[in-house]
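Can you build the whole structure from these sequences, using the hints too?
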Amino acid sequence: MLRHLLPVLALLGVAAPALAADGDAACLECHGEPGMTADLPGGGSVPLFVDGKQFQASVHAQQGMSCTDCHAGMTPDHATGELSAPTRRALSKKSSEVCASCHDQVAETFAASVHGSAPDNPDLPACSECHDVHRTVDTSAARLALQTPLLCGNCHTDEKRMKKYGISTNVVETYLADFHGMVTTFQREGAADERTRLAATCTDCHGVHDIRKTDDPASRVIAANLLQTCQRCHEGAPPMFPQAWLSHWEPSPKRAPAVWAVLQFYRFMIPFMMGGLLLQIGLHVWRSARKKTR
Amino acid sequence: MSADPRTPAVRTGANAEGESAAPQIVRFSRAQRIEHVLVMVLFVTLCVTGFPQKFYTQRWAEVLVGAFGGIDQTRLIHHLAGYVLAIVTVIHFASALAAMLTRSRPFSMMPTRKDFEDVFRQLRHYLGTDRQPLYDRYTYKEKFEYWGLVMGNVIMITTGFVLAFPLQVTALLPGVLIPAAKMAHSNEGLMALMVITFWHMFNVHLNPETFPIDKVIFTGKMSRERYAHEHPLELARLEGRPPPSEEDAHAAAAPSGVAPRGEGDR
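Residue numbers (this note's numbering), protein chains in the order written: chain F, 14 to 307; chain E, 14 to 279.
Hints were generated in silico from the structure; no laboratory data involved. Note that the coordinates shown come from a computational prediction; the quantities given were computed from them, not determined experimentally. Idealized CB from N, CA, C, for every residue including glycine. Check before you lean on any hint, since a few could be wrong.
Unchecked claim - Below, in silico cross-link-like pairs of lysine to aspartate or glutamate (DMTMM-like), each with a Cα-Cα straight-line distance of 25 angstroms or less: (1) F:K304 to E:D261; (2) E:K154 to E:D261; (3) F:K305 to E:E158; (4) F:K107 to F:D223; (5) E:K67 to F:E202; (6) E:K228 to E:E158; (7) F:K304 to E:D227; (8) F:K173 to E:E158; (9) F:K226 to F:D191.
Said to hold, decoys possible - Using C-beta positions, here's what the derived DEER-type ranges look like: (10) F:L211 to E:L114: 49 to 59 angstroms; (11) F:E172 to E:T70: 13 to 23 angstroms; (12) F:S260 to E:R137: 49 to 59 angstroms; (13) F:A236 to E:M53: 20 to 30 angstroms; (14) F:K177 to E:H92: 36 to 46 angstroms; (15) F:L163 to E:W73: 19 to 29 angstroms; (16) E:M53 to F:P284: 23 to 33 angstroms; (17) F:S181 to E:L93: 52 to 62 angstroms; (18) E:H49 to F:S265: 53 to 63 angstroms; (19) F:S260 to E:I226: 25 to 35 angstroms; (20) F:K177 to E:H218: 34 to 44 angstroms; (21) F:T152 to E:I226: 53 to 63 angstroms; (22) E:F106 to F:V119: 57 to 67 angstroms; (23) E:H92 to F:S114: 47 to 57 angstroms.
Rendered as structure tokens:
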């Protein structure tokens, strides 16, 4: 109950010292206004609205952090209309630096990953593109794991962006069509709680902050490392087990010809069989009807 | 090969009160009727827990899975029903094999040359250019469905085990067997559902001669009149008569005065 009241109290300017510093209420007096945005000098705009309720529920607020812990030096009477960066990218790059001031280990790992390899490239994600900064959730939560196919899919199904790097946009579809994706889909729609035994999502195989290119020897999903990656969940998986996963390929005469052949067999067999049976049913009915009218 | 009753008995039709009713022939033994009900219940269970997994993006799939208490429980029910069906199938094969070895039953489910001739004759009959073929215990339609179910069962159970035990399977065999088994399991299941929905349901429910439902598989009994009409060759054998000639069979199927259902049309 108290937790639900807190944002209200905060909005009323009542201090809630256990969870947030006094200043938050002052910030939310302006930034709690839905739809607040600012135009960027480099084009586009940036949302300046923060949902106080969601922020209070975030892990950072739960740790007792307040606005100015990240937005250092901001005062209630700061000048409006001034932005410290000209573009969205410059802003998110700056915010990543703020994250790194506490999460230095993660920042180091991320810098060595494919996603962290070029901080100025707007096609690559900064911290805030995956972690919604004002409502960061506990990373061990089931609901975060179940969201990863959508989260990663945001960029990885974007034809324009993926084309530049020769990356298939089929990765999410092929994942979802397989066993892991089917289970994840149902668990996301259903009532997954902390006890739910989760199927593998993107990050379980590819890693999180340490994702490498798929031809990098350090990649978890390169053939040489794949068995070990499978064994993280499938304890004691034998060496031939990883071949069960078609590595995001659709079955074709070149990739997984056996699977493709089975598909072709049924593509022919189902219409052939049903066509024959329905034709015979049709003839039977026709014959009976003709007999009756005679 | 089939699980026939030893010697289908001709019942005089006299019931306990001694009143005479239409003579009945026992077509299916108690074991066969129980087996049919079991397979029917298992088939429906496997469909409602299996197809949501194939069509996982559909709203109805979500509703069904929710009704079973989530995907984990849905899969558990599917696996349990699969194991029971596997046991039923093994028992069916074992009893058929035992019957073959002891020669205690006729192999009336075996396809014969006559079945292939019957297919074309039946089709010609539908077109009005030939007479209805005279059938023995099982028509080619029944044999087709029986063997389709048996073969389909073997495929579903084999691939089902491959999918349920991927670690054990890939310890011995290539991993690509798993997605191949999944492809076969999901498509074979779809084909089975379509055959049952259209073919089996038409023949037992919508067939003009048996509409609205053919109860023989549940009661085990069929009237002698209908037997003479649908399985004249078997009836003659049961009654120790020589096989009827075409003329006799068609005449018997349409006794003077009363026109039976379908007017000898089947």
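Structure-based check of each hint:
1. Restraint check: the Cα-Cα separation between K304 of chain F and D261 of chain E comes to about 21 angstroms, which is no more than 25 angstroms; the hinted pair holds.
2. Distance hint between K154 of chain E and D261 of chain E is fulfilled; the C-alpha atoms sit about 24 angstroms from each other, no more than 25 angstroms.
3. At most 25 angstroms may separate the alpha-carbon atoms for a hinted pair to count; K305 of chain F and E158 of chain E exceed this at roughly 28 angstroms.
4. Restraint check for K107 of chain F and D223 of chain F: satisfied, since their Cα atoms lie roughly 21 angstroms apart, inside the 25 angstroms limit.
5. Proposed proximity of K67 of chain E and E202 of chain F is supported: the alpha carbons are some 16 angstroms apart, at most 25 angstroms.
6. Between K228 of chain E and E158 of chain E, the direct Cα distance comes to roughly 18 angstroms. Compliance with the 25 angstroms bound is thereby established for this hinted pair.
7. With a CA separation close to 21 angstroms, the supplied pair K304 of chain F and D227 of chain E stays within the 25 angstroms bound.
8. Distance check on the hinted pair: K173 of chain F and E158 of chain E sit about 51 angstroms apart at the alpha-carbon level, beyond 25 angstroms; violated.
9. A C-alpha spacing of about 22 angstroms is found between K226 of chain F and D191 of chain F, which places the hinted pair at or below 25 angstroms, so the restraint holds.
10. Distance hint check for L211 of chain F and L114 of chain E: the Cβ-Cβ separation is about 51 angstroms, which falls inside the suggested range of 49 to 59 angstroms.
11. Separation of E172 of chain F from T70 of chain E is about 21 angstroms and conforms to the stated range, judged on CB atoms against 13 to 23 angstroms.
12. Our hint of 49 to 59 angstroms for S260 of chain F and R137 of chain E holds, since their Cβ atoms are close to 54 angstroms apart.
13. A C-beta distance of roughly 47 angstroms is found between A236 of chain F and M53 of chain E, which places it outside the suggested range of 20 to 30 angstroms.
14. A hinted range of 36 to 46 angstroms for the beta carbons of K177 of chain F and H92 of chain E is consistent with their spacing of about 45 angstroms.
15. Taken as a hint, the range 19 to 29 angstroms holds for the pair L163 of chain F and W73 of chain E, whose Cβ atoms sit roughly 22 angstroms apart.
16. The hint said 23 to 33 angstroms for the Cβ distance between M53 of chain E and P284 of chain F, and at roughly 26 angstroms that hint holds.
17. At roughly 38 angstroms, the beta-carbon separation of S181 of chain F and L93 of chain E lies outside the given 52 to 62 angstroms, and the hint is violated.
18. For H49 of chain E paired with S265 of chain F, a C-beta distance near 42 angstroms fails the hint of 53 to 63 angstroms.
19. Between S260 of chain F and I226 of chain E the C-beta distance comes to about 51 angstroms, which lies outside the given range of 25 to 35 angstroms.
20. Taking the beta carbon of each, K177 of chain F and H218 of chain E are about 59 angstroms apart, not inside 34 to 44 angstroms as hinted.
21. The hinted range of 53 to 63 angstroms is satisfied by T152 of chain F and I226 of chain E, whose Cβ atoms lie roughly 58 angstroms apart.
22. In this structure the hint that F106 of chain E and V119 of chain F lie 57 to 67 angstroms apart at CB holds, the actual value being about 59 angstroms.
23. The given range of 47 to 57 angstroms is respected by H92 of chain E and S114 of chain F, whose C-beta atoms sit roughly 51 angstroms from each other.
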